[in-house]
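Novice: What follows is each chain in one-letter form.
There are 2 protein chains.
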Amino acid sequence: MAREASAILLAAGAGTRLGAGRTKALVPVAGRPLVWWSAAVLAGIPRIVRVVLVVPGDPVAADDIAAAAREAGLDPVVVCGGARRRDSVRAGLGAVERGIVAVHDAARPLADAELYGRVLDAASASGAAVPAVPVADTVVEIRGDEIARVPDRTRLRAVQTPQAFDAELLRRAHEAADPGWDAPDDASLVVAAGTAVRLVPGAAANRKLTWPEDMTWFEGRLAAGRSG
Amino acid sequence: MAREASAILLAAGAGTRLGAGRTKALVPVAGRPLVWWSAAVLAGIPRIVRVVLVVPGDPVAADDIAAAAREAGLDPVVVCGGARRRDSVRAGLGAVERGIVAVHDAARPLADAELYGRVLDAASASGAAVPAVPVADTVVEIRGDEIARVPDRTRLRAVQTPQAFDAELLRRAHEAADPGWDAPDDASLVVAAGTAVRLVPGAAANRKLTWPEDMTWFEGRLAAGRSG
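From first to last, the protein sequence lines stand for chains W and V. Heads up: the first sequence is residues 1 to 228, going by my numbering. Heads up: the second sequence is residues 1 to 228, going by my numbering.
Treat the hints with care, since some could be wrong.
Since the list gives no way to pick out one identical chain from another, each pair is judged satisfied if it fits inside one copy or across any two copies.
What the hints assert, rightly or not - Derived lysine to any residue pairs resembling SDA-like cross-links, with alpha carbons at most 20 Å apart:
id: 1; residue 1: K208; residue 2: R32
id: 2; residue 1: K208; residue 2: A40
id: 3; residue 1: K208; residue 2: R118
id: 4; residue 1: K208; residue 2: A125
id: 5; residue 1: K208; residue 2: D121
id: 6; residue 1: K208; residue 2: D58
id: 7; residue 1: K208; residue 2: D75
id: 8; residue 1: K208; residue 2: R143
id: 9; residue 1: K208; residue 2: P28
id: 10; residue 1: K208; residue 2: R47
id: 11; residue 1: K208; residue 2: A136
id: 12; residue 1: K208; residue 2: V77
id: 13; residue 1: K208; residue 2: G31
id: 14; residue 1: K208; residue 2: E175
id: 15; residue 1: K208; residue 2: R22
id: 16; residue 1: K208; residue 2: E4
Simulated from the structure, these hints should not be mistaken for lab results. Since this is a predicted model, take the numbers as computed values, not measurements.
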C-alpha cells in the first residue's frame with residue numbers, strides 16, 4: 001500500500017501578472033475560484049491524509065480561500081503565508097508531521113492524482129523528487145543584454161510542482177539556506193543544501209497559470225475534456 | 001526610414017506532437033491553416049520586402065502551404081526544407097540576398113509587427129538580435145535522473161523567434177557549425193560561432209504552438225481579442 005503523506009497547498013500569491021486586482025487563488029476560472037481546482041484534486045488522493053493550506057494575510061481573502069477548499073472536499077489546516085514563496089512553505093511546514101510532504105502551487109490546477117503518485121513514490125524511495133518536463137523554448141543564460149551561454153537543451157528540464165520531500169530534509173534545507181535568497185522553489189533549496197533531487201516525468205498540461213490567457217487556455221481545456 | 005529586410009518563414013515541420021497526423025503548418029486553427037496566421041503578419045510589415053517560405057518535401061503539403069501564404073497576402077519565394085531545423089534555414093538562406101534577414105517559426109502566429117520591428121532594428125545595429133522573455137518555470141540542468149545544477153533564474157531567458165541577423169553572418173555561422181549538431185535555433189549557431197547576440201524584449205503571447213491544447217489557447221485568445 002502507498003505510504004501516507006501530507007501536502008502543502010500554496011495559495012498565498014498576489015497574482016499581479018493576472019491583472020485581476022485580487023488574490024490569485026480566488027480568480028474565477030470555469031465558474032470556480034482557481035484554488036478550488038487544485039483542492040479538488042488533493043481531495044481525491046486517499047494517501048494524502050493531511051493538507052496544509054497556506055493563505056494570504058488578508059483575512060477576507062484567507063476565509064474565501066479556505067471556504068473554496070472546503071467546498072472542493074478538503075478539510076485543511078489553514079496557515080498564513082509570508083512575503084516570499086519560501087516563507088509560505090516554511091509556514092506550511094510548521095503544521096506538517098514527519099514523513100513525506102508534497103508542496104504544490106494552487107496555480108497549477110492540472111496536476112492529477114497520477115502525477116502526485118509518481119512524485120510521492122519517488123520521494124518515498126529517495127527523499128526528494130520533483131516532476132519535470134522537456135523545455136520547449138531555447139533557454140539561454142544572459143550577461144547584460146547579450147547571450148552569455150546556451151546550455152544544451154537536451155540536458156534542461158522545466159521543474160513543476162507537486163514537489164515531494166522527506167519533511168525533515170525539507171525543513172533542514174529551509175533552515176540552511178541564505179535567508180536573503182528568494183528561492184524559486186523547494187527543489188532549488190534542497191539542491192543548494194547538497195541533497196540529490198530525483199526527477200520524475202511531469203505533464204505538459206501541468207502548467208502554472210500566470211497570465212490572463214492561461215485562464216482561457218484552462219477553460220478551453222476543460223471544455224474539450226467534457227465534450228471528449 | 002527603417003532598413004529593408006528579408007524574412008525566412010519556416011513551415012517544414014511535421015507537427016508530431018500535435019497528434020494531428022499532418023503537416024503542422026496546415027493544422028486548422030480558428031478556421032485557417034496555422035501558417036496563414038504567421039504569413040498574414042509578415043504581409044503587413046512593409047520593411048520586409050522579400051519572404052522565403054520553407055515547405056516540406058511532400059509536394060501536396062508544399063502546395064497547400066504556399067497557397068495559404070498567398071491567401072494571407074504574401075508573394076513568397078518557396079523552397080524545400082530539410083530534415084532538421086538548421087537544414088531548413090540553410091535552404092531558406094540560399095534564396096536570401098545581402099542585408100538583414102529575420103528567421104521565424106510559422107508555429108508562432110502571435111509575433112506581431114512591433115516585435116519584428118524591435119528585432120530588426122537591433123539586428124541592423126548589432127548584426128544579431130533575438131527576442132527573449134523571462135522563464136516562468138524553474139529550469140534545471142540534469143545528470144541522469146537527478147538535478148545537476150539550478151541556474152539562477154534571473155539570468156535565464158527563453159528565446160523566441162523572429163530572430164534577425166546580418167545574412168552573411170548567419171551563413172558563416174551555419175557553415176562553421178559542427179554538421180552533426182541539431183541546433184535548436186539560429187541564435188545557438190551564431191553564439192557557437194563566437195558572435196555576440198543582442199537580446200530584445202519578446203512577448204509573453206508569442207508562444208510556439210506545440211500541443212493540441214496550444215491551438216485551443218490560441219483560438220481562445222483570438223476570440224477574446226475580437227470581443228475586447
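Novice: Confirm or reject each hint.
Specialist: Status of each hint after checking the structure:
1. K208 - R32: Answer is within; shortest intra-copy Cα gap is 17 Å, inter-copy 29 Å.
2. K208 - A40: within (17 Å within a copy, 30 Å between copies)
3. K208 - R118: within (19 Å within a copy, 28 Å between copies)
4. K208 - A125: Neither: 27 Å inside a chain and 36 Å across chains, both beyond 20 Å.
5. K208 - D121: neither (23 Å within a copy, 33 Å between copies)
6. K208 - D58: neither (23 Å within a copy, 38 Å between copies)
7. K208 - D75: Cα proximity of K208 and D75: none, with 24 Å in one copy and 40 Å across.
8. K208 - R143: For K208 and R143, neither the intra-copy (27 Å) nor the inter-copy (25 Å) Cα distance is at most 20 Å.
9. K208 - P28: within (15 Å within a copy, 26 Å between copies)
10. K208 - R47: neither (24 Å within a copy, 37 Å between copies)
11. K208 - A136: both (15 Å within a copy, 8 Å between copies)
12. K208 - V77: Answer is neither: 24 Å inside a copy and 40 Å across each miss the 20 Å cutoff.
13. K208 - G31: Within one copy, since 18 Å is at most 20 Å while 28 Å is not.
14. K208 - E175: Intra 27 Å, inter 40 Å, cutoff 20 Å: neither.
15. K208 - R22: Result: close within a single copy only, 17 Å intra versus 29 Å inter.
16. K208 - E4: neither (26 Å within a copy, 40 Å between copies)
Comparing the model with each numbered hint stated earlier shows that hints 4, 5, 6, 7, 8, 10, 12, 14 and 16 do not hold.
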